[in-house]
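Protein sequences, first through last, are from chains A and B.
Here numbering that gives the first Met the number 0 is used: the first residue of the first sequence is 0, the next is one more, and so on.
Here numbering that gives the first Met the number 0 is used: the first residue of the second sequence is 0, the next is one more, and so on.
These aren't lab readings, by the way, just hints derived from the structure by calculation.
Here a beta-carbon is modelled for each residue, glycine too, at the ideal position from N, C-alpha and C.
One or more of the hints may lead you astray.
As a list, the in silico DSSO-like pairs of lysine-lysine whose alpha-carbon atoms are at most 30 Å apart [unchecked claim]: (1) A:K295 - B:K261; (2) B:K128 - A:K412; (3) B:K261 - A:K412; (4) A:K49 - A:K174; (5) B:K31 - A:K412; (6) A:K92 - A:K81; (7) B:K261 - B:K31; (8) A:K49 - A:K15; (9) A:K81 - A:K115; (10) A:K174 - A:K295; (11) A:K142 - A:K97; (12) A:K15 - A:K92; (13) B:K31 - A:K295; (14) A:K97 - A:K49; (15) A:K115 - A:K174.
Beyond 12 Å from chain A on every Cβ pair, some chain B residues (computed) [as the list claims (entries may be wrong)]: (16) R115; (17) M118; (18) H141.
As a plain string of letters, each chain reads:
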Amino acid sequence: MSNIPNTRSHVAETLKSRHRSERYFRLLGLAATIFGLAFLSILFVSITMKGYSAFQKTSILLNVSVEAGEALPAINYQGLIKASLRQSFPEVKKRQAKRALYGLVSSGAAYELRAKVIDNPTLIGTTVAIWVTASDDVDMVSKGVIPRGTTPAVRRLSDRQMGWLGVLENEGRVKTGFNWTLFTAGDSREPELAGVAVAMLGSFYSVLVCIVLSFPLGVMTAVYLEEFAPRNRWIEFVEININNLAAVPSIVFGLLGLAVFLNVFNLPRSSPLIGGMVLALMTLPTIVIASRAALKAVPPSVRDAALALGASPVQAVLHHVLPLAMPGTLTGTVIGTARALGETAPLLMIGMVAFIVDLPETILSPATALPVQVFLWADQPERAFGERTAAAILILLVFICSMNLLAVALRRKFEIRW
Amino acid sequence: MSALVLDQMAQAMASNAESRFAASAVTQDASKAKMAAQDLRVQYDGVTALGGVNLDILHNRVTALIGPSGCGKSTFIRCLNRMNDVIAGCTILGTVTLDDENIYAPDQDVVLLRSRVGMVFQKPNPFPKSIYDNVAYGPRIHGLAPDKKGLDAIVNESLSRAGLFEEVRDRLDDSGTSLSGGQQQRLCIARAIAVEPEVILMDEPCSALDPIATARIEELIGELKQRYTIVIVTHSMQQAARVSDKTAFFHLGHIVEEGDTKQIFSNPVDERTRDYVMGRIG
C-alpha cells in the first residue's frame with residue numbers, strides 16, 4: 000500500500016517526456032507521409048507536363064486534285080500530295096526548296112489520302128480537300144512545345160519553312176485536334192505516325208494470359224500448402240523456395256522463358272502468350288504468398304464448424320475458407336499483376352521488344368507491351384518521341400490505376416463483415 | 000455458504016429428476032450405451048492429455064463432463080467425433096464406439112461419423128452467411144432435402160426446435176453473425192440438428208453467454224434430449240446439476256469419478272470430486 004503515492008509521483012515525472020516522444024513520433028509519421036506524397040505529385044506533374052501535348056496533333060489542309068482515268072491501284076498518292084503542296088506555293092522551284100516544302104507534311108499523308116480515296120472512289124477526277132498529318136517538327140512548333148523564336152537548329156524548321164507554315168496558318172489551313180493516331184497506330188519511325196495500340200493490346204493480352212495462368216495455379220498451390228500438405232521437410236523446402244522465387248530478379252524469369260518456352264518448346268517469339276507465361280512465373284509466388292496469408296487469417300472456428308457438420312476437408316475449404324480468404328487473395332493477385340503490367344526486363348528476353356506496326360490479331364501474333372514501348376521511345380532522338388514517351392507512361396499509369404480500382408471494387412464485393 | 004449451494008443444487012436436481020422421468024417415458028433403450036470410450040489415451044506432441052479414460056454415454060441422456068481447466072474434458076469430447084484428427088501432432092490410442100462400432104477403425108468414414116455426431120462449440124461460430132444458409136448447409140452437403148421446399152421445411156423445423164424460429168422468421172436472409180451471442184449459439188444448435196445427428200456434443204456452449212441466454216440454452220437441452228444423446232462440457236456446477244443425468248469428473252487427464260448427477264453432487268465418493276463440486280479446487 001505504501002508504494003502507491005510513490006508510483007504516482009514516478010509516473011508524473013515521466014509523463015512529460017512520454018508525451019513529448021509521442022508527439023515526435025506522430026510528427027515523424029506525418030512528415031514521412033507528406034514527403035512521399037510530395038514526390039509522387041512531383042512525378043505526376045512532371046510526366047503530365049511533358050506528356051499532355053502528345054494527346055494533340057497538328058493537321059494541314061491540302062486541296063489535292065486526283066486525276067481521272069487512272070486505275071485505282073496505280074494512283075501515285077505521294078506525288079499527288081507533293082503536287083498539291085507545290086500548287087499552294089508556286090514560287091518554290093529549286094529541288095532543295097521543294098524537298099523542304101514536302102517536309103511540312105508527314106510521310107503518312109499519302110496513306111491518309113489513299114484511304115480516303117479507296118473509301119470513296121467517286122472522288123477520282125475531283126479536287127479533294129483533306130486534312131493531312133503535319134510532320135513532327137511542324138507539330139512541335141505549331142503546338143508550341145518548341146518556341147517559334149528558337150534557332151532553326153533547335154526547332155528543326157528553317158526560316159523558309161517557318162514562313163510557309165505562317166502562310167498556311169493565316170489561310171486557316173493548320174489545326175490542332177485530338178491525337179487519335181496515338182491510340183490507333185502501332186509503332187513507327189515517324190513520331191507523328193506512332194501510337195501505342197500494339198503495346199496496349201500486347202499488354203492487355205499478356206496480362207490476361209498472366210492472370211488466367213497464375214491465379215488458379217497460385218490459389219490452388221496456396222490452398223494445398225496451407226490446408227492439406229503434410230508438415231514435412233519436402234513441403235518446407237517447397238515453401239522456402241516459393242518465398243525465394245518472389246525475390247528473384249525479373250530478368251531471370253525472362254531468361255527462363257527464353258531458354259524453356261522459346262528454345263525447348265519453340266513457341267512463337269515476341270508473342271503475348273509467351274510474355275504472359277513469363278509474367279505468370281513472376282506473379283505466381285506473390286499470389287501464393289498473399290493467398291496463404293489470407294487463408295491463415297480465416298478463423299479456425301469456421302473450419303471446425305464446417306467439419307463438425309460432416310463437410311469433407313475439400314468442402315470446408317471450398318465452401319467456407321476460400322471465400323473468406325478471397326479479398327486477400329484478390330488483393331495479392333492484383334498487386335502481382337500490376338507489377339507484371341509494368342515489367343520490362345523479362346519481356347526483352349523473349350523478344351517483345353520489337354518494332355511492330357500491325358495490331359496483334361491473336362495472342363500468338365508478335366506484339367510489344369506498354370513499358371517496352373516506353374523503353375523503345377525513350378531511346379529515340381526526336382523531340383516528338385519525348386512527349387510520346389511521357390504520354391505512354393501516362394497511359395500505363397491509367398492502366399495500373401484502373402486495375403487497382405478494380406481490385407478495390409472486387410474486395411468490397413467479396414468482403415464479408417463479421 | 001456451501002450448504003446453501005448444495006441446497007440449491009438439490010432443488011435443481013429434484014426438478015431435473017421430474018423432467019428425466021418424462022423423457023424416459025418416450026425413450027426405450029435408455030440404459031444402453033450409445034457411445035463408449037475404452038482406455039482412451041490422447042497425446043499432443045508427446046504430452047499426455049488423456050491417460051486411459053473409460054466412459055459410457057447413455058442413449059437419450061445428457062452426460063456432463065466437469066473438471067478444472069486443462070483436465071482433458073474438451074480433448075475427450077473432441078475425440079467423440081474425431082475433431083482431434085485435424086490437430087497436428089495429436090495421437091489417439093484406445094477405442095471409442097458408436098453403437099458398438101469403433102469410430103477409430105481404419106474403415107470408419109469421418110464424414111459419416113460427423114453427420115451422426117454433431118457438435119456445438121464454446122464460442123458461437125455461425126458461418127458469415129445468411130441464417131437460412133447456416134442451417135441449410137449441412138442438409139445441402141449431405142443431400143438430405145429432395146428439393147427447395149423440403150430444405151425450407153428442414154430449416155424451419157430446425158430453427159423451431161432450437162427455439163429461434165420465432166425471433167428470426169422475418170429475417171432469414173440476414174447474416175447469421177448479425178444475431179446476438181445467445182441467438183448465434185442457438186443458430187449453431189439449429190445448424191447441428193438440421194443434419195439429424197444421433198449424438199450432439201456441446202463444448203462449454205454457454206461460457207460466452209449471459210445468464211438469460213444460458214437459461215434459454217439449458218431449457219433447450221432439456222427438450223433436445225428427448226431425441227438426441229447429449230454430451231456437454233461445462234465449467235458451471237449449477238449447469239451440470241440442472242441439465243445432466245450423468246456426470247463425469249475429469250482431473251489431470253483421468254476420470255476421477257462418474258455416476259448419476261445426483262450422486263456426484265450430493266454424495267461424491269472421491270475426495271477430489273467433493274472438493275471440486277463444493278468449489279474448493281479448480
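Going through the numbered hints above, which ones does this structure break? Give me the numbers in ascending order. 1, 3, 5, 8, 10, 12, 13, 14, 16, 17 and 18
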